[in-house]
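Between the sequences and the hints, there should be enough to build the whole structure, so can you do that?
Number of protein chains: 2
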Amino acid sequence: MAGWRERSWWGWGWADEAFDDDACRQLAERTLRPWMPIDGTVTPIPYDPVLDRPRLIPPSILEEAFAPDSMTRAAHSYGKAYRDVVRALHGRIENPPDLVAFPRTTHDVVAILDWAEACDAAVVPYGGGSSVVGGVEYRGAAPWISLDLSRLNRVVEIDETNLAVRVQAGVFGPALEEALKPKELTLRHFPQSFEFSTVGGWIATRSGGHYATGPTRIDDFVEALRVVTPAGPIESLRVPASGAGPSPDRLFLGSEGALGVIVEAWLRITRRPAHTASTAVTFPTLADAVDAVREIVQSGLRPSNCRVLDPLEAMLQAGATDGQARLLLGFESPAFDVQPSLDAAMSLCTAHSGAALEKSTVDTWRGSFLRAPYVRDALARLGLIVETVETACTWNRFEALHAAVIAAVQAAAPAKVAMVTCRFTHVYPDGPAPYFTIVTPGRRGAEVGIWDEIKHAVSEAIVAAGGTITHHHAVGRDHRPWYEQQRSPLFAAALQAAKDALDPRGILNPGVLI
Amino acid sequence: MAGWRERSWWGWGWADEAFDDDACRQLAERTLRPWMPIDGTVTPIPYDPVLDRPRLIPPSILEEAFAPDSMTRAAHSYGKAYRDVVRALHGRIENPPDLVAFPRTTHDVVAILDWAEACDAAVVPYGGGSSVVGGVEYRGAAPWISLDLSRLNRVVEIDETNLAVRVQAGVFGPALEEALKPKELTLRHFPQSFEFSTVGGWIATRSGGHYATGPTRIDDFVEALRVVTPAGPIESLRVPASGAGPSPDRLFLGSEGALGVIVEAWLRITRRPAHTASTAVTFPTLADAVDAVREIVQSGLRPSNCRVLDPLEAMLQAGATDGQARLLLGFESPAFDVQPSLDAAMSLCTAHSGAALEKSTVDTWRGSFLRAPYVRDALARLGLIVETVETACTWNRFEALHAAVIAAVQAAAPAKVAMVTCRFTHVYPDGPAPYFTIVTPGRRGAEVGIWDEIKHAVSEAIVAAGGTITHHHAVGRDHRPWYEQQRSPLFAAALQAAKDALDPRGILNPGVLI
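Note that the protein sequences, when read in sequence, are chains B and H.
Just so we're aligned, residue 1 is where the first sequence starts under the numbering used here, counting upward by one.
Just so we're aligned, residue 1 is where the second sequence starts under the numbering used here, counting upward by one.
FYI, nobody ran anything at the bench for these hints, they're computed from the structure.
Just to be clear, a hint being listed does not mean it is correct.
[Said to hold, decoys possible] Here are a few chain H residues that sit away from chain B, every Cβ distance over 12 Å (derived from the structure):
1) E6
2) G13
3) D22
4) R87
5) D108
6) E178
7) H210
8) D288
9) F369
10) H456
[As the list claims (entries may be wrong)] Distance ranges between label pairs, derived from CB positions:
11) H/R139 to B/T161: 38 to 44 Å
12) H/E94 to B/T161: 43 to 49 Å
13) B/H107 to H/S368: 53 to 59 Å
14) H/I61 to B/N396: 36 to 42 Å
15) B/K181 to H/D337: 31 to 37 Å
16) B/I57 to H/H456: 53 to 59 Å
17) H/M71 to B/D114: 57 to 63 Å
18) H/K183 to B/Q26: 54 to 60 Å
Where is the CB? At the ideal position from N, CA and C, for every residue including glycine.
Dropping the structure here:
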């Protein structure tokens, strides 16, 4: 982590990037006043939390690997969802970890798991802590340890011949890219949480990168893994591909800390893009933009950026006041000119009434994208409910799903006023991954309950419309009920059996997945 | 299957495509006489096999789903590896299935599994029977049923909006493409066994398609699966992507019939290519060709064909007599001109002393590729040992692996004379998938033992050199010892636990994977 800068213990990112009280009010005036009532009261940033004493005392031999102080424990109690930020803001640290462990070596991880098994303590692996689904928040009764992997932070080896990097699980996005940059290499995996999430967290949650198509999900980048389970270590073979049985890596991709602690990975990297071409496109309706994008991705073109914004998202996030939909379209390559690809994609847009715009929209949108979690925290302090939900569905289901999500939010929001905007984060030949941002007035002190009801309604709507309960936010604890609806009970039984083999005492992230 | 044409029960493919005795001799004279001694004796095609009576009697309610005749049982005793063909040629049907079942519906599959459990009979799922790794050959003592899925042969639904096809597991390659062709669609998955293998077999074995890069392995095409296990059915959600837990589909991809019977799949399809560009390139050495190909695939270019042939392979399979290596290079797209991609790839070739050749080499090679299994059978009848092995490794390991495989064959072959040729079937940014063809004199009656020793030596060499024991031939029974060396014991324990949950009596393909 970057030296002197302090991470916010209650909200997103860096403490010094949070909006101050005046900035919170100005933000609300500027963007939300026309839409919904705002009382202008700004919840103060909470004082340092005071917690009960830990129920666990670290063994002396491992003492240096543990932090028992209240601030560290409070900061590891929750992820960074809206409901986490609001609870922290109101000083509600419900079930903090008894200890936070910072293993410095794989051997430490083994020792901590052994000790936790002996104490019947739960262990919740923790990468950057950016979970928005209750993935790092233990809700059981046992004493528990948050296993923060951020000291396993070495970029071990950069292999320029095979374009791969061997990296420990606790390396954050920026540190990895810094290590690759001098060699003109990149992982090219930029989730919105990039600055505050780790390689291990990406793998455990099957994170989606910033890019719209092609290799962008962490699943595609994993070449081999090292995992420590309570039953022992597992290492997969480092080869470009194999047909030997079910893939071991795929068992741990999405395992969310419940099957083992990912300690190291070989990841496929690429040369940095030397050629780029991009534009913004305007469409009379969202349906036109969707049709154009479907044609682009089904043609075999693989834009790096192919982000559809519905008219409301385009207005709020990209300053578009014409009531039209937007497409942010871009191509890149390390080796060859991509203008022909952009031209080919544009001609498909034109056939669906698309018109090219000047490029500035893209930059506006990108800045807004990276600031979004800070904005979320600011609006939360003003008493607003601000959260995002995401899914993926086949093309034929999108229109109904989009309508159903908006209707569900508006029906469930007590104020019956809600802004619901939508963009595509990723597009596949067989369907898009829509991402919704929801803003609605809250009621001071009741925000979490109100949000939980909206989330319930939206999740029901997504499942009914044939979308997955999560495309890249993972399951965590918050998506469990709908994950269970969408997962065959027998597959759950197979996963449970695998977990029993790897984690016989069930100490790893109990309550997640199974 | 295509009406009146008869499948060979002992060898590859169609009975009427097998070389007759004279053609066998001519083939040997033409291609092998300069290389190794050939006695000219042609083992006759065996008479119809006579087998012991089945130890199982089908229940009357399912009688129509079973075939108890000797010819059907013999044809389901082995796959189509060299060692299978030789044993059949010599009339050695060692452990034929007691019954062959041809379920007509998913319900039949359920009923057959229930009945097999009640009888303690083993069940070996059988697609097209093209396994070359002992995948469909049960070697245990229990009575057993070969579960031939070829009557589950419906292309259920073609979804043009989302570019996907819903297809039953027993559909063969040509039937699937025939169904897609009127809509100008294709799965674009053409393993060498295409004509004689099924959708279910491809998924169970993680087959590799004909194409060199991009989406070509069946893993990438699976959108959702329906599987029948002895414990019940499993169905995965049909969405373009999901981040919800470990992927259920990936548990069954590569499960080789040991975890469940795949009965249906949604597969991603694509529009047929409208633009193609291809060439053959000659390189002074194999190393030059390898360097050029590595640069091509690491540049982000995704050729559909990118097949390196070493000088010996180039001579034998593509008629090249200049002692140089060859690269068969091609691009295709349904939507845009690919000549610029070919030009970009060619300029990388030129930088490594590559020179474009006229295109005919490509066609020569392709014809030879499809005829290869028939040639193998003809040479087997002449007493020669003819087989292929394949792997994948990172780029830096290829040169040593290539040398080690050749050395291992030549050391293990009793005659100390062996032709070992190599080509790349697939190339990934992090490494190639080399494919070796081995021809060496046998000793009548001892061929299987000789081959097994060579195979053992080659497998040891591949594992020692850091290659996977199989890139697309699957594990089966023949690769088990090396698979176990390369797989973490704990992952094996997790797989075994999952199997116990899905197949509690262990009836499914015992001896495979776990």
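Comparing the hints with the structure gives:
No Cβ of chain B comes within 12 Å of the Cβ of H/E6; the nearest lies about 30 Å off, and the non-interface call holds. Against the 12 Å criterion, H/G13 stays outside the reach of chain B, whose nearest CB is about 22 Å from its own CB. With a least CB separation of 38 Å from chain B, H/D22 remains clear of the 12 Å interface cut-off, as annotated. Separation of H/R87 from chain B is adequate, the least Cβ-Cβ distance of about 24 Å exceeding the 12 Å criterion.
For H/D108, the shortest C-beta to C-beta distance to chain B comes to about 20 Å, beyond the 12 Å cut-off, and the non-interface label holds. For H/E178, the condition that its CB be more than 12 Å from all CB atoms of chain B holds, with the nearest at approximately 22 Å. With a cut of 12 Å on Cβ distances, H/H210 stays outside the contact zone with chain B, its closest approach being about 15 Å. Every Cβ of chain B is farther than 12 Å from the Cβ of H/D288; the closest lies at roughly 16 Å, confirming the non-interface assignment.
No beta-carbon of chain B is positioned within 12 Å of the beta-carbon of H/F369; the least distance is around 19 Å. No Cβ of chain B comes within 12 Å of the Cβ of H/H456; the nearest lies about 17 Å off, and the non-interface call holds. A hinted range of 38 to 44 Å for the beta carbons of H/R139 and B/T161 is consistent with their spacing of about 41 Å. For the hinted restraint 43 to 49 Å between H/E94 and B/T161, the CB-CB distance of approximately 46 Å keeps it satisfied.
A hinted range of 53 to 59 Å for the beta carbons of B/H107 and H/S368 is consistent with their spacing of about 54 Å. Our hint of 36 to 42 Å for H/I61 and B/N396 holds, since their Cβ atoms are close to 40 Å apart. For B/K181 paired with H/D337, a C-beta distance near 34 Å keeps the hint of 31 to 37 Å intact. Separation of B/I57 from H/H456 is about 55 Å and conforms to the stated range, judged on CB atoms against 53 to 59 Å.
Restraint check, H/M71 to B/D114: a C-beta distance of roughly 60 Å satisfies the suggested window 57 to 63 Å. For H/K183 and B/Q26, the Cβ-Cβ distance of about 56 Å falls inside the hinted range of 54 to 60 Å, so the restraint holds.
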